[in-house]
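Chemist: Given only the sequences and the hints, what does the whole structure look like? Please build it.
Line by line, the protein sequences are chains H and U.
Per my numbering, the very first residue in the first sequence carries number 1; after that it's consecutive.
Per my numbering, the very first residue in the second sequence carries number 1001; after that it's consecutive.
Keep in mind that the hints are not guaranteed to be accurate.
To be verified - Here are the simulated distance ranges between beta carbons:
#, chain 1, residue 1, chain 2, residue 2, range
1, H, 49, U, 1130, 42 to 48 Å
2, H, 187, U, 1115, 29 to 35 Å
3, U, 1294, H, 206, 45 to 51 Å
Claimed, not checked - If you want the footprint, here are the derived chain U segments under chain H, 3+ residues with CB under 8 Å:
#, stretch
4, 1088–1101
5, 1145–1154
To be clear, the hints were calculated from the coordinates, so they are not data collected in a lab.
The structure presented is a predicted model; accordingly, all values stated were derived computationally and were not measured.
Glycine included, C-beta positions come from ideal geometry on N, C-alpha and C.
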Amino acid sequence: MTKRALITGVAGQDGTYLSELLLGRDYEVWGVVGPYPGQFLEWAKQFEGRLHPIDADLTDMDSLLAAVEVSKPDEVYNFAAQSSVGNSFEQAIATTEVNAVGVLRMLEAMRQLAPDARFFQASSAEMFGNAAEMPQRETTPLHPRSPYAASKTYAFHIIGSYRDSYGMHASNGILFNHESPMRGLQFVTRKITDGAVRCKLGLQSELRLGNLDAQRDWGFAGDYVECMWRMLQQDVPDDFVIASGEVHTVRDFCQAAFARLDLDYQEFVVVDPEFFRPVDVNIFFGDATKARTVLNWEPRIRFRELVEMMVDADMERLTAE
Amino acid sequence: MTKRALITGITGQDGSYLAELLLDKGYEVFGLVRRASTPSTLRIEHLLDRVTLVVGEMTDQTSLIDAMESSQADEVYNLAAQSFVGDSWTVPLSTGDVDGLGVTRMLEAIRRVKLEARFYQAATSEMYGKVHEVPQSETTPFHPRSPYGVGKVYGYYITLNYRESYGMHASNGILFNHESPRRGLEFVTRKITNQVAKIKLGQATELRLGNLDSKRDWGFAGDYVEMMWRMLQQDTPDDYVAATGETHTVREFCEIAFSRVGLDFNDHVVIDPRFVRPAEVELLLGDPSKAKRVLGWEPKVSFQGLVEMMVDADMERLSR
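Modeler: Right under this line is the structure:
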């Protein structure tokens, strides 16, 4: 029997990689496209008949009920979110409506119409804030430091509440930063690789960034969606950290990106206080031991390869334009 | 200069005790009230000529901005909530909207209109849920079990976030269960004392309850609003537990309540599975030592005193 999956935020980075993975495993996929489909609908045409775009909104309960009704999912992956930490300070309420209450709406839609479906929630390492311990694991106490992080914390806990209260197969993947050539341009990694290529091509002379000393655990999104899928194949729902276990600074990312283009980042990168956050998390460092031991999952693409993959893709795109 | 306070949820139990306290201290008191065709001001009837009521909703951002504009409050006490844990599984979305997102809206209104106003958020021991340690204090990790608890965890963190991000004087009071003769009838304590009075007066024969073994740290709401006020008088914002430091079972509450009127609870209590919760919080026991040390606050009414106060009040009300 063909398995059916519903993905919200399907047009984003993770949604696209996961669609590819599931279609490759003979799933039939329904995807809630959201307000910014970008290239997705074009890309989706190659899978016509097996990848069905749906119109729905995480702030609209009726549309979610309809989405579950039409897809009759075995598995639901909830990626839809306002995913910019920086923006969440000025859009605290909209962020929470989608990231927090939106998850509750999805759970309610499933409880009403597909109570046996398995649910994956894209939780975030941002919940740990300036973490109580290094590295962070599933049991590390939370200390969210932005409206984005607070909203993800709500979603994290409501998953646990519905799992315990209703016996739903609902799980949190606590995702550390995961990047790719598909990452949005407003995220620092892509901002760097795109900016580095523009500098190389003479399209701009400088790249303005915020805190270069921020430390992050970066992995490749294509690896991380595999972990998500494995989580939903387990008989028992559970929460897992999904991370690379390696920490690098924004400075390291700049250095590697510009070096790929034979440039010295110090000649182009300018620190601009406008990009500093009101409150920032300094270090992310994840421990995915549980995913390794229980799901037999490990990331394959490491830091340098990831940076170079992204630079190469931006170079290809910008020279084509 | 007369201080001005805005209380959301002024019509509730805590709102009414807090309004009394602030009026006694010479505040000008504003209260946010929802539009309803049936008046909801039962608990503040005796204060209506001394407070200014403003219509608003925790789900309506502009109404909160307007409430701040018109009150120019120096202190805001955010007590408004869908506050019954049991119903939060039935109306989870609006519980999240009011108890969670509503806090963000109130903080935004303050940030916009009067950044220096001091903010009190009604956090709760329900955030501890499946407790990670006994007793629970300001540093105990959260593990909420109900949509109510989850919404309140969000409200706690967003309060912290606005404090850290904008330097707002924003604080969480982590109140363990606090009761009184003004408690809503759906809450187990009042459900018990009200039914005890009815049984004593021959108006009923039985009391149907869920889990008698649940343990809670119960105090008197009139004591707890004093801590809220003290928190906002501190120069620096911070989070505090309010609790008695004792835990008792629902069964013990019944025993004392029925004894107060010379009855035996075993003769009248019936277990009804309808009242058992989808996910239970088995035990809550708070550590209020920080509030005592820093604010000089401690509860005055004992557990026994509280139960008897409530039974006496219900007897008096139902005998009229």
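Chemist: Which earlier hints can't be squared with this structure?
Modeler: Of the numbered hints given earlier, the structure breaks none, since each of them holds.
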